[in-house]
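Protein chains: 2
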Amino acid sequence: MSASSAGSGELSLIEWIRAGTRAQASVPTGIGDDAAVVRGGSNDELLVTTDMLMDGVDFVVGTTPTELIGRKCLAVNLSDIAAMGGRPVAAVISLALPKQRGRELAEGLYAGIWPLAEEFDVGLAGGDTNTWEGPLVVSITVVGRPGADGPVLRSGARPGDWLFVTGPLGGSLSGRHLSFSPRIREAAELQSRVKLHAMIDLSDGLATDVRHLARESGVGVVVDARDVPIHADVEPSQADDERLQHALCDGEDFELLFAVAPDDGRRLLSNRDRLTPVHRIGEVTDGADCLLRTEDGSLRPLPPGGWEHALG
Amino acid sequence: MSASSAGSGELSLIEWIRAGTRAQASVPTGIGDDAAVVRGGSNDELLVTTDMLMDGVDFVVGTTPTELIGRKCLAVNLSDIAAMGGRPVAAVISLALPKQRGRELAEGLYAGIWPLAEEFDVGLAGGDTNTWEGPLVVSITVVGRPGADGPVLRSGARPGDWLFVTGPLGGSLSGRHLSFSPRIREAAELQSRVKLHAMIDLSDGLATDVRHLARESGVGVVVDARDVPIHADVEPSQADDERLQHALCDGEDFELLFAVAPDDGRRLLSNRDRLTPVHRIGEVTDGADCLLRTEDGSLRPLPPGGWEHALG
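Line by line, the protein sequences are chains A and B. Count along the first sequence from 1, add 681, and you get the number used in my numbering. Count along the second sequence from 1, add 681, and you get the number used in my numbering.
Just so you know, these hints were derived from the structure itself, not from any lab. Heads up, the beta-carbon is just placed ideally off N, CA and C, and yes, glycines get one too. There may be inaccurate statements among the hints.
Said to hold, decoys possible - Footprint (simulated), chain B over chain A, 3 or more residues, beta carbon under 8 Å: (1) 691-703; (2) 708-715; (3) 863-873; (4) 880-892.
Kindly produce the complete structure, drawing on both the sequences and the hints.
Okay, here's the thing in structure tokens:
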């Protein structure tokens, strides 16, 4: 879900919704994490996440290949399930299709949705298919199961924890944001080796998402500038500072950011045959500040990141 | 969900999606019922349903009170859960808000959503709140639990069964379609007294929805014209034929249509202190035809109902 991919107007609105929403025993974790934790029958916990993507905001019909639009709309939800350490079970898909090209668009979208659903064993459980005079809107909800140790929340990071990411960051908007692989398998593999204290997927960029994790955990963080892995998609001819800025703020990386105890961190780093690449990028502190340790060792506030929508 | 509330273009598209969607053990009932049946952990069955409602199609911003838009968007999903004989557990809510009036619209929508969620013990588990340049779109997904006897599908009607509805029909668009009460409690009460063979909620009108039930069950039906209860919202000054047409075809009644064995049907009719009003409206046959028995006892095809969208 995306309390994360929202601007300041949307964030204040989400806070308003969160404040007005009554706590319910059936929803032990609601607004404020990557997916909700819901108690179904017999106290089984489920993960539920949803994302709505819109023409002109998240993609451009006619420019973005329709198949990749469909793929991405499912992939962002799978990434949310991965961020909870879960496995997806089923998805429902709702479409508002422009009347003129409805059938053609739907076929394109499903050409991207079906293979990804198959790859990750997601049952497609129906939805709501509509046509209208407006632009394309795709809304997908995914239901998943947490791992054996229960859901991994944003709120479990502890002072002293080490922070890791699962891959290099930045430059995603040149194409990777449409074709990324949700880190479902990686999350499962990490869970089988270490105790994940907290996790979030990087949709808005490390600088913003690490703040979400810190805020929900009630901790501070220090990110080491020289340890942030920069993706090859970031133009190599740029100055180092500029390249770091891309890695911190571009967003849509859809790698996982997670916190583990130092012992577990060392275990992850020492294990050379690990399947999931991990990069230590900093540590959790007992303050409330989100800081960047620059090359010369000085500390400065993490630059604000993410993009902003104005809300009237 | 609404394979039902779709025109012929949308129906053929939904059939195309259904045909291309791979069966999965995790989704024993997918496209083609009011809600999907999904297997979570430990073989627990869940219900999942979703509906997307759009400005200019399902409501008109500026004309329809915003609070009632919000209420209805949740209520139609709860009606789908009722149609499966289930109880709702949690909902996720996604909004595409027009930039100019985003905050105001969101507040109005939630003013309608919150009380209904509280009335039916639905945990609000987050969602995705967006703004854009387009019209208002509301997409809600509800997760529920089936009753003790498992989900009530559309496909279980048997020749000889009696058909019932839970209330009078027609004229809903004069206002009731915005303020109806989803039949969650009624479905639970009926299940506690009789074995429900098949059930569907009346969103497109009895004439169309009984066809869905007949088709999924592989049976025919005969509806008795004189037994169809006509709602007081249908203009009393109209001719009887016209009034019946409204009851059969107006849609958005959100009453339940269900099939039970004749013995159970008699039990429902004889029990005067029942909490849920039921009206016997016909029976299930072993043909494939959907017929109307007119006042003079002759049989003719049920008039086609529902509304049609052209799909380019």
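Coverage of the region 863-873 of chain A by chain B (three or more Cβ within 8 Å): violated (count 0)
Proximity test - 8 Å, beta-carbon atoms, the region 880-892 of chain A to chain B, at least three hits: violated (count 0)
Given coverage of the region 708-715 of chain A by chain B, checked by CB-CB distance under 8 Å (3 or more): Satisfied; 5 residues make the cut.
Whether chain B covers the region 691-703 of chain A (at least 3 residues having a Cβ closer than 8 Å to its Cβ atoms): Coverage by chain B holds for the region 691-703 of chain A (8 residues, Cβ < 8 Å).
Checked against the numbered hints listed earlier, the structure breaks hints 3, 4; every other hint is satisfied.
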